[in-house]
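**Student:** The whole structure should be built from the sequences, with the hints applied where relevant.
6 protein chains.
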Amino acid sequence: MSGRIVCFGELLLRLAAPERQLMLQSPAFEVHVGGAEANVAVSLAKFGHLAELISVIPENPLGMAALGEIRKHGVDTRNILSAPGRMGLYFLVQGAMQRPSEVIYDRAGSAFASTQPARYDWQTLLTGADWFHVSGVTPALGDSTANAAMEAVRTARKLGLKVSFDGNFRPKLWQAWQGHAPTILRQIMSEADLMFADHRDMAVVLETDFAESNTETQIQSAASAAFKAFPHLQKFTTTIRVQHSVDHHSISAMMVTRDGQVHRAPAIELTSIVDRIGAGDAFAAGVLHGLTVNMDDRQALCFGLAAAALKHSIPGDFNLLGIDDVAACVAEERYDVRR
Amino acid sequence: MSGRIVCFGELLLRLAAPERQLMLQSPAFEVHVGGAEANVAVSLAKFGHLAELISVIPENPLGMAALGEIRKHGVDTRNILSAPGRMGLYFLVQGAMQRPSEVIYDRAGSAFASTQPARYDWQTLLTGADWFHVSGVTPALGDSTANAAMEAVRTARKLGLKVSFDGNFRPKLWQAWQGHAPTILRQIMSEADLMFADHRDMAVVLETDFAESNTETQIQSAASAAFKAFPHLQKFTTTIRVQHSVDHHSISAMMVTRDGQVHRAPAIELTSIVDRIGAGDAFAAGVLHGLTVNMDDRQALCFGLAAAALKHSIPGDFNLLGIDDVAACVAEERYDVRR
Amino acid sequence: MSGRIVCFGELLLRLAAPERQLMLQSPAFEVHVGGAEANVAVSLAKFGHLAELISVIPENPLGMAALGEIRKHGVDTRNILSAPGRMGLYFLVQGAMQRPSEVIYDRAGSAFASTQPARYDWQTLLTGADWFHVSGVTPALGDSTANAAMEAVRTARKLGLKVSFDGNFRPKLWQAWQGHAPTILRQIMSEADLMFADHRDMAVVLETDFAESNTETQIQSAASAAFKAFPHLQKFTTTIRVQHSVDHHSISAMMVTRDGQVHRAPAIELTSIVDRIGAGDAFAAGVLHGLTVNMDDRQALCFGLAAAALKHSIPGDFNLLGIDDVAACVAEERYDVRR
Amino acid sequence: MSGRIVCFGELLLRLAAPERQLMLQSPAFEVHVGGAEANVAVSLAKFGHLAELISVIPENPLGMAALGEIRKHGVDTRNILSAPGRMGLYFLVQGAMQRPSEVIYDRAGSAFASTQPARYDWQTLLTGADWFHVSGVTPALGDSTANAAMEAVRTARKLGLKVSFDGNFRPKLWQAWQGHAPTILRQIMSEADLMFADHRDMAVVLETDFAESNTETQIQSAASAAFKAFPHLQKFTTTIRVQHSVDHHSISAMMVTRDGQVHRAPAIELTSIVDRIGAGDAFAAGVLHGLTVNMDDRQALCFGLAAAALKHSIPGDFNLLGIDDVAACVAEERYDVRR
Amino acid sequence: MSGRIVCFGELLLRLAAPERQLMLQSPAFEVHVGGAEANVAVSLAKFGHLAELISVIPENPLGMAALGEIRKHGVDTRNILSAPGRMGLYFLVQGAMQRPSEVIYDRAGSAFASTQPARYDWQTLLTGADWFHVSGVTPALGDSTANAAMEAVRTARKLGLKVSFDGNFRPKLWQAWQGHAPTILRQIMSEADLMFADHRDMAVVLETDFAESNTETQIQSAASAAFKAFPHLQKFTTTIRVQHSVDHHSISAMMVTRDGQVHRAPAIELTSIVDRIGAGDAFAAGVLHGLTVNMDDRQALCFGLAAAALKHSIPGDFNLLGIDDVAACVAEERYDVRR
Amino acid sequence: MSGRIVCFGELLLRLAAPERQLMLQSPAFEVHVGGAEANVAVSLAKFGHLAELISVIPENPLGMAALGEIRKHGVDTRNILSAPGRMGLYFLVQGAMQRPSEVIYDRAGSAFASTQPARYDWQTLLTGADWFHVSGVTPALGDSTANAAMEAVRTARKLGLKVSFDGNFRPKLWQAWQGHAPTILRQIMSEADLMFADHRDMAVVLETDFAESNTETQIQSAASAAFKAFPHLQKFTTTIRVQHSVDHHSISAMMVTRDGQVHRAPAIELTSIVDRIGAGDAFAAGVLHGLTVNMDDRQALCFGLAAAALKHSIPGDFNLLGIDDVAACVAEERYDVRR
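Protein sequence lines, in the order shown, are assigned to chains X, L, U, S, G and Z. If you read the first sequence in my numbering, its first letter stands for residue 1, the second for the next number, and so on. If you read the second sequence in my numbering, its first letter stands for residue 1, the second for the next number, and so on. If you read the third sequence in my numbering, its first letter stands for residue 1, the second for the next number, and so on. If you read the fourth sequence in my numbering, its first letter stands for residue 1, the second for the next number, and so on. If you read the fifth sequence in my numbering, its first letter stands for residue 1, the second for the next number, and so on. If you read the sixth sequence in my numbering, its first letter stands for residue 1, the second for the next number, and so on.
It cannot be assumed that every hint is accurate.
Same chains, same label: a pair holds when it works inside one copy or across any pair of copies.
[What the hints assert, rightly or not] The calculated SDA-like cross-link candidates involving lysine to any residue, where the alpha carbons are at most 20 Å apart (straight line), are: (1) Lys172 to Val337; (2) Lys172 to Ala83; (3) Lys228 to Asp193; (4) Lys172 to Arg339; (5) Lys158 to Gly128; (6) Lys158 to Pro266; (7) Lys228 to Glu59; (8) Lys172 to Asp143; (9) Lys172 to Asn79; (10) Lys228 to Ser190; (11) Lys158 to Gln123; (12) Lys172 to Gly109; (13) Lys158 to Phe210; (14) Lys172 to Gln234; (15) Lys158 to Ala118; (16) Lys172 to Asp336; (17) Lys228 to Glu30; (18) Lys172 to Glu212; (19) Lys172 to Pro84; (20) Lys172 to Thr124; (21) Lys172 to Arg338; (22) Lys172 to Asn60; (23) Lys158 to Pro231; (24) Lys228 to Thr257; (25) Lys158 to Ala28; (26) Lys158 to Arg339; (27) Lys228 to Glu207.
Quick caveat, the hints were computed from the structure, so don't treat them as lab data.
**Tutor:** Below, the structure written as structure tokens:
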């Protein structure tokens, strides 16, 4: 793999009730490490890329454990800082059947959210890298992280890196500190070459509506608006998810390019879903992989969708599979035991 | 919530092989607390009602643990007695695919079954309550519990409570003490305002057959017979279950009222079932809730069916979800992660 | 049950990542005992047969534990030898959805594979028995086991036992010691009355191709070739598996007899598969059972297919169900809880 | 048991690494509910008292689960409030041998700490009660809880309740909001009849030193100072702990009364300690029990010490044993299996 | 090993709270199979003897699982009957420190206790055997088992087997059916060659007191009385246990022979006890082993004591160690890792 | 920390029976990663050193998982190779009380043992490093690893690195390939500056006896012989272990220097041992740390001994504690909960 990809975001601990139980139905939590950008970095490392996470962990064993977990999977952690503050957490009840999964975020006051933008020397951190990735979660955490993200994407562009941005719009996070999402996100998107986003993200950011009659045309319309608003943007891509029950989804994907091409990756049927969280990040990593190894856009989209689909089969936030596993899924090889 | 609802029945421990294993395939049991009427009481408490269980536990740590478990969920346990005798148990092997679940009951000689009817002062226990609920399991346990149940429903009616009865016909339990089910159940049903039962229950109780060509007409015919036989009965309701495999059912529901109205709640598809036990009790609690908060009959039926459907997604005997969760299922809201 | 059935093969430990996790995603293995012929022996013992395994375990606690496990299930272990060498292992990652299961074999140098053929006194071991069963795994393990298997089937025929052989072709095992599979397997098949095999097995053994347009005709054509090549062969049977995803298969079965009859057992839909490994061995044991208790061929085939289907619902390599459970599946009885 | 005992404090979740592992050495937490005053309330309820906890839980499933857990054990939870904010947590690594246990508190911003004092109507809450208990943790959490605690003890005294206070001095909590512990604690102690404290607590509160040559005389001297400073104080009591290793302590206890009597409960040897947390609270509950059932001071002290000792044998924060269990320990009955 | 040893007693399931927890502190039971005589049979099988258990299991999967467990360990189960009735259970809370372990027996109405003596054809069952062993638990279960035990020992003597009896006096079991223990036990002891018993057992059986000043002289005096009362008795042996805490015992042993010799096995210090249950049965099996392989009395006693000591280190009721392990303990070999 | 420390050895998976159970007493293994030199590298990384492991993993998920585990803890894994072959394993039964732990090695034919010495380019691998560490396990694995180890130490000396060697003599490994340990080990020791060894190691290597009357003088005598035989050797050090039971050891340490000084670190009492494996490696890492940060010899010895002692409190092969934790143990700080 050529090049180094830098991601910027928070590491979280997921504390989950085991085996489809409700919260504390039995006195145990299963623990996973996650975080939107960390998920992307882990998947890229598993694909063989030099993937680095810029983040801040609290100065305690929880932070060290989270850092160790992504280092285990091959992510470069050398520039992760530590600081006072708490570990960001989320509590998860995995749903089943007609009962939706529930997440309780408990990340306010985290070491990452509390860190001043000045602690990141982006010029140094990004020099020599090829790609910078961040999602909408990072600027949503507060004034400090919003400013850090904006400075990061500007420096990245200045240094000639490609920039990708994943919408991941979370209203509750913005409300908590009364940040004005459109203003901030527009500045970040202005520097992006590649966006993972759909019509709902663009409606928020551009403060408009996309009232077309079906999802695909809404997405095309949102992409057009995005290309108009953001001069550097080259590709606008998203998954499309249909949910029959908590355990049974269909997932397809679309990519629109600045020159008006529309690519579609056909729907994959997802039954007996194991763990849905992180599928969007797996998609992002899959598309990033495809584009950085010179797949054409449609191949990259299909690779990304297969990665997203496979993520549903893996406990935890990370897509831990390698290139061959994803390629086999794209090729729809048979599903019997590999001996 | 208005009013206090009193349930009468045995607390059981469920000892279950973990993770779809056969009996003692590994040396562990998962433990849950259950019992038909206790399940109803827990669900009602979770819906916000003042729900009380009248029962008897053995004078040992097992009994105390079972009591504690329903108290944890908000059931009023102040009138639960303790007595010599053993804890009622059932062993469960959860089925899968084409392999049915198996229950081994081990409840003979329990403290509850051994308690003399005179220990319950129904006049005192029921004064001030609004509703009394019992199922066919309680009278099936022996002469003592049959007499206690009959006295309870008579006192309830005398004191002006509404009375509901859930058929739950278990031939093995009746055979064990050679009780004559029809005689006893008819006396209980004579005091009921609301019955959870189908044509098979009524065939046993009225010692007749309902030979109509399909399930819906059998149920309507059984309801007519019930209204004729039991003068206080106002509503006759049941779920209808179609089983494609152990993990995949469809469930719908029907209610017939004394004035001849027939309400139907349309089928809900249940795939990847987590735990089927207690769904009937969840239905009963859902309908009871609907009727006591002044839903109309059809709304109450749909609420009950949604509660029954959701129960399949929860490990253990109890439906632990609240009103909002059930209402969301009735409304068929989307199934994505709630953040 | 009449008669004694002798199986010959290796006992293995399966070390599996728990709960659909990837390899060592959490620091634990679930352990099961298996092995193609041991699986057949356990199932036959559960069906009530006198089933014996001839094998070799290492002289250590792992070997003793594996032996104890099949003795627990009623297999006669009195002639299992112990010898220096290691325990055969396989590591398993259970797949899910579009992610296939993966097996890492780690059985080279096992006590079984290292044992000289002279240690088995087949004349004594088989005298008084009625049936001998072996699969293609045993001769694939090396020169010693290949010779032992060939001597065993010859002695069995000489002593008047029926001989069954299950193809189970594993190219990697043959490659490891550069054994010439066709030569050896043809000698074993020459002594077989009953073969569990399909067109792919026969293509290897007869070094030919079966290029018919669909699976059923390929199998018929392979059966014809087998009857021509192997004079004692009476029945040629196999399951046919269609895989929609890792969790969802359809399985049917076919039997062709020397006199040209073709029996089919119609497809069973397998959703929410628990554990697919050992289903072929469960099929073999089911058919063997049927034929030894005088079912007709079609009944035996259906019994075998139901056994194979049910195996998918049981964790581990063994089909631990009894005759009644399989018969209920053949009869498509309802799937509700048995109380 | 006569009388009702009201405790005031925060409910916490303990998230602990299992089986003497380090933090996240395996990806799981064991969960227990605790909190200094909740621990006292649970133990009192297990002793048969009407024990109530006044607290605030967050409006989420974590809060409800914590409340349910103490309700399970019989604590009266009817006046527990819910409010926005997070659940107080602490992470625990259980030590072993020469490796100390480590606690990471993560309770800043909790619903309890954020609740305004005005939400507690102490006049109503305490009317009809006999005893009020609070510890030094509650006022240490911030201005709001400090004010609430001060108002509570004043109201308690006014209404004629006995007041007990357990030092539990935690410097880190006070530093976090720069509260001046001596000023606040002196006001609370001024209303106390009974104090669980030692010379280190008094040194902080009275801003002095107790430089006597051994622990017992330091405690006596501290008690004298306390009686001088706090006019209502009748009894001053504490455990004395000697630590040979993390798994092996000796624990004794002392009580000094206003009239100058000194009672000692002789040392109990604690080897193979299971869980040391909550032992101080178990001591407090034991002494409170003794004093409210009219044991003499020495008996109450010995009962408290036995309760503290037994707590070390129970996983979690709570002493879940009953009066008979503690009495048997006081009587040094034999330790063989009770059948 | 020469000879076949037949044991007669009930198989029980132990349902135990995990990891020093109190009853149902978490919702799981660990399951072990046990029973006084079954424990002896398993240990003898592990020592290489032909050990058989005569028993009755219920006709359900619990009974089959219990049978399978001892068959796994090499016990001959061919004459174990099945019958209607329930599985005998006991619930266990493992103690710790100053908190004793607690057993709740739940074995009334078991298949074993309900079986008529006529179902055992002792003449056939014991022909060809060399030794018969039973404990005081079997006759304590009711009239039927008492009669069966008495007939068994008489037949054993008639057929020339050695007979051993282990006191195991359990007052609660006798009280439950108002059996007169002394009458029945005297008849059994009259046929015994070897008794595992102490002064407390003999006090019950001979309805007298042994008021000597220390345990050793009490035991010698009880032995003298036993030799006087029971003409066939040759050896009287027991362990002597001193309990410092639940986790720390000292255990020694004594044997008195009819010719007046007294053998002592010196105390072994037991710290960090893992599981104390079944140690008496391990002692019995150890002594039986020693005597049947022609150790002298003192060697047999020391072997038995070492077996009893080692049992404390093994989870569950069974001593699963072999001869070499016990011999190494007798020889006090070093305790470092064996590689 | 100054400098880079390179270790050379095999990564192993430990498969251990849980909770003091015997082998496969329940169907699960707990998995840890270990290996003598890997253990040293992990501990050094936790102490803050640049610690690298040179090793070979099999080309499969087991190898990747093992590599990931030490990378998680901060070891530099960039030069770890992968190759065909199997993963080295060892099975562990943790002992208790008088029952010793047992290890079954299953590492023959591993990828590491099968790798040709030519694959390691020591000149490149060691350039820029400061210290090289290897133990007696590496050369014991076969001709290839022995030659690689010899070339490594020679290159290290040539490049000016310090060399340390840990005896770890394992006769079974040498016997398996009939390697002549003394010849090979003498060549390695000839290049060592620091040796972790005792009189038993030196007796093997120098083919002599150290018959002094006590352990300390034997060690001093062995050290003298070592200094005479190996010209570069500066320090000879070892722990001294006394075993009272499997759970209770005392451990002290001694260091002898070329100039004749003898340092002693006084005994630490180890009760309630959690996991004894890896303590020797923890000692080596502790001493290495001390010497590389300019502690004097006695301080380094005490630091090493404290590290070894603390390792006994941690599940798994690694000492995962940091410098402060070890320093606190050296300082004998108190053992209460750190909050």
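**Student:** Hint by hint, say whether it matches the structure.
**Tutor:** Here is what the structure says about each hint:
With identical chains, the CA atoms of lysine 172 and valine 337 are at most 20 Å apart between copies only, with a shortest distance of 14 Å across copies and 43 Å within one. Only between protomers do lysine 172 and alanine 83 lie at most 20 Å apart by alpha-carbon distance; the minimum there is 17 Å, versus 25 Å within a single protomer. Taking the closest pair of Cα atoms, lysine 228 and aspartate 193 come within 20 Å of each other only inside a single copy of the chain (13 Å); across copies the shortest separation is 67 Å, beyond that limit. Taking CA atoms no more than 20 Å apart as the test, lysine 172 paired with arginine 339 passes between copies only; the shortest distance there is 9 Å, against 47 Å inside one copy.
Within a single copy, lysine 158 and glycine 128 get their C-alpha atoms as close as 12 Å, which meets the 20 Å cut-off; across copies the closest is 36 Å, which misses it. Taking the closest pair of Cα atoms, lysine 158 and proline 266 never come within 20 Å of each other, the shortest separation being 37 Å inside a single copy and 60 Å across copies. When the C-alpha separation of lysine 228 and glutamate 59 is checked against a cutoff of 20 Å, the pair qualifies neither within a copy, at 44 Å, nor between copies, at 44 Å. Proximity of lysine 172 to aspartate 143 under the C-alpha cut-off of 20 Å is restricted to the intra-copy arrangement: shortest distance 15 Å within a copy versus 28 Å between copies.
Within a single copy, lysine 172 and asparagine 79 get their C-alpha atoms no closer than 29 Å, and across copies no closer than 30 Å, so neither meets the 20 Å cut-off. Taking the shortest alpha-carbon separations for lysine 228 and serine 190, only the intra-copy value of 11 Å comes in at or below 20 Å, while the best inter-copy value is 71 Å. In this homomeric assembly, lysine 158 and glutamine 123 come within 20 Å of each other (Cα to Cα) only inside a single copy, at 9 Å, whereas the closest approach across copies is 41 Å. Within a single copy, lysine 172 and glycine 109 get their C-alpha atoms as close as 15 Å, and across copies as close as 17 Å, so both meet the 20 Å cut-off.
For a Cα distance limit of 20 Å, the shortest separation of lysine 158 from phenylalanine 210 qualifies neither inside one copy, at 33 Å, nor across copies, at 63 Å. For the identical chains of this complex, lysine 172 and glutamine 234 are neighbours neither inside a copy (30 Å) nor across copies (47 Å), given an alpha-carbon limit of 20 Å. Taking identical chains as interchangeable, the C-alpha atoms of lysine 158 and alanine 118 lie at most 20 Å apart only when both belong to the same chain, with a minimum of 18 Å there against 47 Å between chains. Taking the shortest Cα distances, lysine 172 and aspartate 336 sit within 20 Å of each other only across copies (16 Å), while inside one copy they are farther apart (43 Å).
When the C-alpha separation of lysine 228 and glutamate 30 is checked against a cutoff of 20 Å, the pair qualifies neither within a copy, at 45 Å, nor between copies, at 52 Å. Proximity of lysine 172 and glutamate 212 under a CA criterion of 20 Å is satisfied in neither setting, with 27 Å inside one chain copy and 56 Å between copies. For the identical chains of this complex, lysine 172 and proline 84 are inter-copy neighbours only, at 14 Å across copies versus 24 Å inside a copy, given an alpha-carbon limit of 20 Å. Taking the closest pair of Cα atoms, lysine 172 and threonine 124 never come within 20 Å of each other, the shortest separation being 33 Å inside a single copy and 37 Å across copies.
In this assembly of identical chains, the alpha carbons of lysine 172 and arginine 338 lie at most 20 Å apart only when taken from different copies (12 Å versus 44 Å within one copy). In this assembly of identical chains, the alpha carbons of lysine 172 and asparagine 60 lie at most 20 Å apart only when taken from different copies (15 Å versus 27 Å within one copy). Taking the shortest Cα distances, lysine 158 and proline 231 sit within 20 Å of each other inside one copy (15 Å), while across copies they are farther apart (60 Å). In this assembly of identical chains, the alpha carbons of lysine 228 and threonine 257 lie at most 20 Å apart only when taken from the same copy (12 Å versus 62 Å across copies).
Proximity of lysine 158 and alanine 28 under a CA criterion of 20 Å is satisfied in neither setting, with 48 Å inside one chain copy and 44 Å between copies. In this assembly of identical chains, the alpha carbons of lysine 158 and arginine 339 never lie at most 20 Å apart, being 50 Å within a copy and 36 Å across copies at closest. For the identical chains of this complex, lysine 228 and glutamate 207 are intra-copy neighbours only, at 14 Å inside a copy versus 64 Å across copies, given an alpha-carbon limit of 20 Å.
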